[in-house]
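Chain by chain, the residues run as shown.
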Amino acid sequence: MITKPSELTGSEYIKEEGLTCQLDTGIDNIFDTEEGRKILSCIQCGTCVGTCPYGEHMEYPPRRIIRMLRGGMIDEIFTTDSLLKCVACYACMVKCPRGIRLSDVLLPIVKEQTLANLKQIPAELQSSLQNTLRYGNPMGESSRRRVNWIKSSPSPVPVMSEIKRPVDVLWFVECYTSYYSRGQDNSKALARLMNALGIDFAVLGNEEKCAGDCGQLTWESGLFETLTDYNMEIFRKYKFNRIITGDTHAFNAFRIRYPLYGFDYKVEHTTPFIARYLDQLKPKLKKKLDYTVTYHDACCLGRRAGFYEEGRELLKAIPGVNLVEMTHNRTNSICCGGGGGGMWLDTYFKEKGMERLSERRIKEAIATGADVLAVSCPYEIYRFEDALKTVDHDKPMIVRDVVELLAESLEETDDER
Amino acid sequence: MNIIVLMKMVPDVVEPLEIAEDGKNLDKEAIRMMASESSEHALEQALILKDSVGAEVTVAAIEAPELDDALFSASAKGAVRVIKITPEQDGLRADISASVLKEFIKQECGSPGSDTLIFTGSQAIDDLQGELGPTLAEQLGLPFIGVVTSIKPVEGEEGKVTAIKEYSGGLRGEYEVALPAVVGIQAAEQPSRYVPFAKIRAAMKSGSIESTEITPEVEGRGVEIARMYVPEVTGRAEMIEGDPETVAARLIEIFKQNGILG
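Residue numbers (this note's numbering), protein chains in the order written: chain A, 499 to 915; chain B, 497 to 758.
Just so you know, the hints here were simulated from the structure itself, not pulled from any lab data.
Note that CB positions come from ideal geometry on N, CA and C, so glycine has one too.
Any given hint could turn out to be false.
To be verified - Using 30 Å as the maximum straight-line C-alpha spacing, the simulated BS3-like pairs for lysine-lysine come out as follows:
hint : chain 1 : residue 1 : chain 2 : residue 2
1    : A       : Lys735    : B       : Lys524
2    : A       : Lys617    : B       : Lys524
3    : B       : Lys701    : A       : Lys617
4    : A       : Lys662    : A       : Lys737
Stated by the list, open to error - Quick list of the computed label-pair ranges, beta carbon to beta carbon:
hint : chain 1 : residue 1 : chain 2 : residue 2 : range
5    : B       : Glu525    : A       : Glu811    : 46 to 56 Å
6    : B       : Val576    : A       : Pro664    : 46 to 56 Å
7    : B       : Ser707    : A       : Asn830    : 57 to 67 Å
8    : B       : Glu670    : A       : Lys617    : 23 to 33 Å
Claimed, not checked - Stretches of chain B that chain A covers, calculated by requiring three or more beta carbons in the stretch to come under 8 Å of a beta carbon on chain A:
hint : stretch
9    : 509–519
10   : 685–696
Given only the sequences and the hints, what does the whole structure look like? Please build it.
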């Protein structure tokens, strides 16, 4: 049962969440903030360490960081790589009995200092940050080819600069879903769904740049601010009623951080957005998909934003789909390991002898006996498809975004026949 | 030690390249420029020396689009001075670039002293033969060593460095080089360091790029570009279309035809 309103503006998010921190909140003034005072109330129970997927690999897990901060010895932590292992999964923050917003405030500040003190940033992370600054995407693809995917989209995808009129929905496509082929499958599926639902939408095309969530969460604050300034400028160029994005990380950035820069548009992730059209969509889902499906809760959509049921409701609406749950689901979902810069730290983690979280998670998916692992975040397609290559499994399994499964079940229109 | 890194701006090949109307150059309006990869390594090697033995690092480059970004980044990484050499010029050949840089070095140091190292990148995508470094050295009357991957001062001997030069086939040579000298850096001892963008922004705000004007002596020597063009399509490629089974079957057929499969 879906009860949560899924579409809020930037200022409404601030109201709902409380202002997580000010733009100038840093380690030196953290105790002057409401959040800082909460940190003082930590009871050192260790729930954060226990729930952290990489807690056992950190010399300083969150509980010890708070202890060191209160003891005036926080600088010692900056010389270790503990926080590089934080994948920003929000588990510690959601489970904290004192309601300390570790992942929103303290941990990113520590991570920024950790990166500033590292002699050598892991190579993949470094190139992803440099690429994002130069090309507006972490993979280092040409900024002028960002919109090329629409040429091979069977459904029309209007571009704001070409149609020159206001639209209802501005679709912020994001990087993986623009450049990588499996991500483009996801984008084409969403374009098909929106066309079928008669939604008036358009994309920014080559004017779009990465929203910067992982830049923010790996705390490259200068990079994040550059991207924020740029995207805000582009948003101001056009008229639209709402922004949607299929990337949970962009959604995260727009909800949590952009409002501090004056962002006040209605913003929604595509999974809850499409779920609002369920009554209209259901009669169009004609093709029976005889799949047993298990659904992975993305951290930024589930734990951080509370959208657990929308993806499941959409899957249940597809004829023939049998939805099964993994052991860890909803609040307890295990992160795919891609957040907080983890997307570009697989080699580093492997060198440290750490298990890839996507492999830990895929084992649970395999154990359900499902044919399909359904996801709502573009990072997860790659992470889980890669994990399936290395983790033994007898029964074939495929990874699909929820919108891809919906599009697969959608009846063909006259144009498509 | 005094290290002058001569940075070279090259077309960014990630972005689409377009040829200008004259058919001899790239269309400057359509391309983006960036510091050449081996220039970045030259800067990194200079910064490694700065960190290990103490050196004053100056970075200079001939004006080009997006040069300011590269210079601010060099400044944020630790270059004490960053200098652009104006005016911007199209399609400079290596020998003409070298004559501009020779004038710059003369302007900067007069006659370079025995504590001075001049770094260039060993090669660049528009200087694959690596002409710039040796031509500059020749014009300055200084020794040159290229394809260098490591450089350290010789202990107890002022004005000398040990350079490791790479050869093909995995061979390496260790050389003792008397300073002043021009060194073409192939790769630094470690990958280029990351500088947080906040630091680059701070460098931008301080506006610390110096500027100097040098007009090149253009002479009619060297090679000229007669025509620049994209590789011509020969039509021998076969696009295989269809479902995976059809594509796989056709591939196997091709492999068999060409003796790859029995």
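Evaluate the given range 46 to 56 Å for the C-beta pair formed by B/Glu525 and A/Glu811.
Once the Cβ atoms are compared, 51 Å apart, the range 46 to 56 Å for A/Glu811 and B/Glu525 holds.
Starting from B/Lys701, check that the Cα of A/Lys617 is at most 30 Å away, please.
At roughly 25 Å apart (the allowed maximum being 30 Å), A/Lys617 and B/Lys701 satisfy the hint.
Check the following: the C-beta atoms of B/Glu670 and A/Lys617 are separated by a distance inside 23 to 33 Å.
Roughly 26 Å apart at Cβ, these two residues keep to the hinted range, so it holds.
At a Cβ distance under 8 Å, does chain A reach at least three residues of the stretch 509–519 of chain B?
n = 3 at 8 Å, threshold three: holds.
Below or equal to 30 Å on CA atoms is what counts here, so check A/Lys735 against B/Lys524.
holds (27 Å)
Supplied distance hint 57 to 67 Å, evaluated on CB atoms of B/Ser707 and A/Asn830:
The hinted range 57 to 67 Å holds for B/Ser707 and A/Asn830, with Cβ atoms some 60 Å apart.
Does the alpha-carbon distance linking A/Lys662 and A/Lys737 stay inside the 30 Å limit?
holds (10 Å)
Tell me whether the statement that chain A covers the stretch 685–696 of chain B is true, taking a Cβ distance below 8 Å and needing three residues at minimum.
holds (count 9)
Starting from A/Lys617, check that the Cα of B/Lys524 is at most 30 Å away, please.
Violated. A/Lys617 to B/Lys524 sits at ~37 Å, over the 30 Å cutoff.
Can the suggested window of 46 to 56 Å be confirmed for the beta-carbon pair B/Val576 and A/Pro664?
holds (52 Å)
The structure fails hint 2 only (numbered hints given earlier).
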